[in-house]
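Top line first, the protein sequences correspond to chains F and P.
For the first sequence, the residue numbers in the numbering used here are 3 to 338.
For the second sequence, the residue numbers in the numbering used here are 3 to 338.
Since the hints were made in silico from the structure, they are not lab data.
Be a bit skeptical, because a hint or two may be false.
Since the list can't tell identical chains apart, any single copy or any two copies may satisfy a pair.
[Claimed, not checked] EDC-like cross-link-like pairs, simulated, lysine to aspartate or glutamate; straight-line CA separation at most 20 Å: (1) Lys172 - Asp220; (2) Lys334 - Glu286; (3) Lys172 - Glu86; (4) Lys4 - Glu240; (5) Lys4 - Asp325; (6) Lys302 - Glu71; (7) Lys172 - Glu92; (8) Lys4 - Asp100; (9) Lys302 - Asp90; (10) Lys172 - Glu88; (11) Lys172 - Asp90; (12) Lys302 - Glu316; (13) Lys4 - Glu316; (14) Lys4 - Glu71.
Protein chains: 2
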Amino acid sequence: MKVLITGGAGFVGARLARTLLARGTLAGHAIDSLVLADHAAAPADLQADACVQARIGPLLAQCDGLRDEAFDAVFHLASAVSGECEADFELGLRSNLDSTRALLDALRHRAERGAAPTRLVFSSSVAVFGPDPAVPLPAIVADDTLPAPQTSYGTHKLICEHLVADYTRKGYLDGRAARLMTVTVRPGRPNGAASSFFSGIIREPLAGQEAVLPVAADVMHPVSSPQRTVEGLIAVYEASREAFVGRTALNLPALNVTVQQMLDALEAVAGPHVRARVRPQRDERIAGIVANWPRAASAKRAAALGLRAEANFEDIIRQYIADSAATPGALKGLQT
Amino acid sequence: MKVLITGGAGFVGARLARTLLARGTLAGHAIDSLVLADHAAAPADLQADACVQARIGPLLAQCDGLRDEAFDAVFHLASAVSGECEADFELGLRSNLDSTRALLDALRHRAERGAAPTRLVFSSSVAVFGPDPAVPLPAIVADDTLPAPQTSYGTHKLICEHLVADYTRKGYLDGRAARLMTVTVRPGRPNGAASSFFSGIIREPLAGQEAVLPVAADVMHPVSSPQRTVEGLIAVYEASREAFVGRTALNLPALNVTVQQMLDALEAVAGPHVRARVRPQRDERIAGIVANWPRAASAKRAAALGLRAEANFEDIIRQYIADSAATPGALKGLQT
Chain F
3 MKVLITGGAG FVGARLARTL LARGTLAGHA IDSLVLADHA AAPADLQADA
53 CVQARIGPLL AQCDGLRDEA FDAVFHLASA VSGECEADFE LGLRSNLDST
103 RALLDALRHR AERGAAPTRL VFSSSVAVFG PDPAVPLPAI VADDTLPAPQ
153 TSYGTHKLIC EHLVADYTRK GYLDGRAARL MTVTVRPGRP NGAASSFFSG
203 IIREPLAGQE AVLPVAADVM HPVSSPQRTV EGLIAVYEAS REAFVGRTAL
253 NLPALNVTVQ QMLDALEAVA GPHVRARVRP QRDERIAGIV ANWPRAASAK
303 RAAALGLRAE ANFEDIIRQY IADSAATPGA LKGLQT
Chain P
3 MKVLITGGAG FVGARLARTL LARGTLAGHA IDSLVLADHA AAPADLQADA
53 CVQARIGPLL AQCDGLRDEA FDAVFHLASA VSGECEADFE LGLRSNLDST
103 RALLDALRHR AERGAAPTRL VFSSSVAVFG PDPAVPLPAI VADDTLPAPQ
153 TSYGTHKLIC EHLVADYTRK GYLDGRAARL MTVTVRPGRP NGAASSFFSG
203 IIREPLAGQE AVLPVAADVM HPVSSPQRTV EGLIAVYEAS REAFVGRTAL
253 NLPALNVTVQ QMLDALEAVA GPHVRARVRP QRDERIAGIV ANWPRAASAK
303 RAAALGLRAE ANFEDIIRQY IADSAATPGA LKGLQT
């Protein structure tokens, strides 16, 4: 089978690609070809795989060509991130809204000419939940909590959920939308996102660097490891159409964890000298943004597909340590 | 002030135009100019008004020109109807999604160059509510009921609600979205819409013609008169920004009425000989569609703006009779 991953060179996309190549199959079919569409070049290990074809350039410019190309599976992960969309409104419209529309229309074009509806998984986000300033969020955001996005990123994700649902209802696609939780621990450097510290307070101390904690330790947040996130996307792909009934969007499982629990887990896994590198220094801007985010999420529909969150944050840290073994400097803070 | 009504030649749009001209003011400002953008020609009485400028053609083609034209108020009513969008998917995308986006971008373009955000009322619809096949609708759909549209029309209305909200949050607009209930009694001829009979069972008997009732008499549905609908749109325009808090969409008030109550009202207002022209003849297709529609709606946020539904269906029939006095044949069924 032939698989397309948009955003296939990104953090989640590349991990999904590696996981699919390691499995060799998807929904019981052998994967012959894996196309990674991304504005950036794919990591070298993926480019070296004979099954992989990397296509570099904006997704929007690639979509017309997709009208004449048959894919058995599409994972649509390409997206500008939240902070970028707030800073550049047109970038958000183009990257997150117009690109998705163009991709869906390319797949529709094929279905209108008699092809079977392509199965597509769209990566939505917990950012679809507000909060509505008029109505406080429930303690736990569920699959059927009323979305009231307060960022362009969350707005476009929600809009695309509904486009995927409508194209699916019309028979142009077999679409599903999975709302990703905050994926942590992300490798690499801090980025400008307000959520950056959720990875930074683990990643930097493990690398021997100081990390600033800009919020109170009792802040709670729904997180997921990269691997559970990828497993969730695959399970959503492999689920039957019937499992989705009429709705196409579901929450992926979350570990609802406080910052204090994250720090305790860091100490348990890596020792008090690593934990000591986290320095509390309140940042009112970031604390204010985070105060409006969901503190917890449930995932009843994903649970019905057999998906579970990690049992504890220690496991998430151990996953990051195992993943980072080959990265120079990433774990030098572990040495005492 | 200068006012734009998209869909200004349509049933609701033309009535809104007449109401605004009769008032002469909007939010305390004198109306100097009223532009009606529509693919059809405006009614003759409106064309004859010195304040009115009719612009005929697709809205999508008109939007580029709007980038350099200042409006104080926009009522965005232009829309392909539900049945059209189900029959022609691209028409729905173009007329209801792309046109709204182009209109919002024209207004954003002005704001980005320093103009004050234009106040805009978007006519959304009770069709944003599903039902989600997986989750039955609540007995009454409220402002904050989870929308799960099951038509392209409802999907596009919901998407545009969220675009209006996000452009407003960013300061490009002062946007509000009002969800219209089923507007009845519509004049003219039956159309292909499944909801057509809600007007037909009143309009046809009053004109001396037989009307077919395709559903059971215990079907309940949220309706509103044309005049209350227009008053709702104006009140939503005139409300303060603060009245909307972060959310921009609200339900307009509905009279939740059964078909039996509609027929009883027809008999009370027009007599048993008129009522007798309604012939029950079940249509499984229409009954099936209607069975999935909301049976009732509440409008708490609109009530806070002082808006109320009609007290009874008799008043809606009397409004139609008063409106139709000058229409040849419309009321000939009243004669005994």
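>> My question is about Lys302 and Glu71: at a cut-off of 20 Å on alpha-carbon distance, are they close within one copy, between copies, both, or neither?
In response: neither (36 Å within a copy, 50 Å between copies)
> When no copy is named, should Lys334 and Glu286 be tagged within, between, both, or neither for a Cα gap of at most 20 Å?
Replying inline: Result: close neither inside a copy nor across copies, 31 Å intra and 71 Å inter.
> How would you label the pair Lys4, Glu71 (within, between, both, or neither) given a Cα cut-off of 20 Å?
Replying inline: within (10 Å within a copy, 50 Å between copies)
>> My question is about Lys4 and Glu240: at a cut-off of 20 Å on alpha-carbon distance, are they close within one copy, between copies, both, or neither?
In response: within (15 Å within a copy, 55 Å between copies)
>> Reference check for the pair Lys172 and Glu92, CA-CA at most 20 Å: within, between, both, or neither?
In response: Classified as between: cross-chain Cα gap 12 Å, same-chain 29 Å, threshold 20 Å.
> Is it within a copy, between copies, both, or neither that the alpha carbon of Lys172 lies no farther than 20 Å from that of Glu86?
Replying inline: The answer is between: 14 Å across copies meets 20 Å, while 33 Å in one copy does not.
> Given a CA cutoff of 20 Å, do Lys4 and Glu316 count as a within-copy pair, a between-copy pair, both, or neither?
Replying inline: neither (36 Å within a copy, 62 Å between copies)
> Should Lys4 paired with Asp100 be assigned to within, between, both, or neither, using CA atoms and 20 Å as the limit?
Replying inline: Answer is neither: 24 Å inside a copy and 32 Å across each miss the 20 Å cutoff.
> For the identical chains here, do Lys4 and Asp325 meet the 20 Å Cα criterion within one copy, between copies, both, or neither?
Replying inline: neither (27 Å within a copy, 62 Å between copies)
> Given identical chains, is Lys302 near Glu316, meaning Cα to Cα at most 20 Å, within a copy, between copies, both, or neither?
Replying inline: Neither way: Lys302 and Glu316 sit 24 Å apart in one copy and 47 Å across, limit 20 Å.
> What label fits Lys172 with Asp90 when the C-alpha limit is 20 Å: within, between, both, or neither?
Replying inline: Classified as between; 11 Å across copies, 33 Å inside a copy.
> At most 20 Å between C-alpha atoms: does Lys302 with Asp90 qualify within a copy, between copies, both, or neither?
Replying inline: neither (35 Å within a copy, 36 Å between copies)
Against the hints set out earlier in the document, violations occur for numbers 1, 2, 5, 6, 8, 9, 12 and 13.
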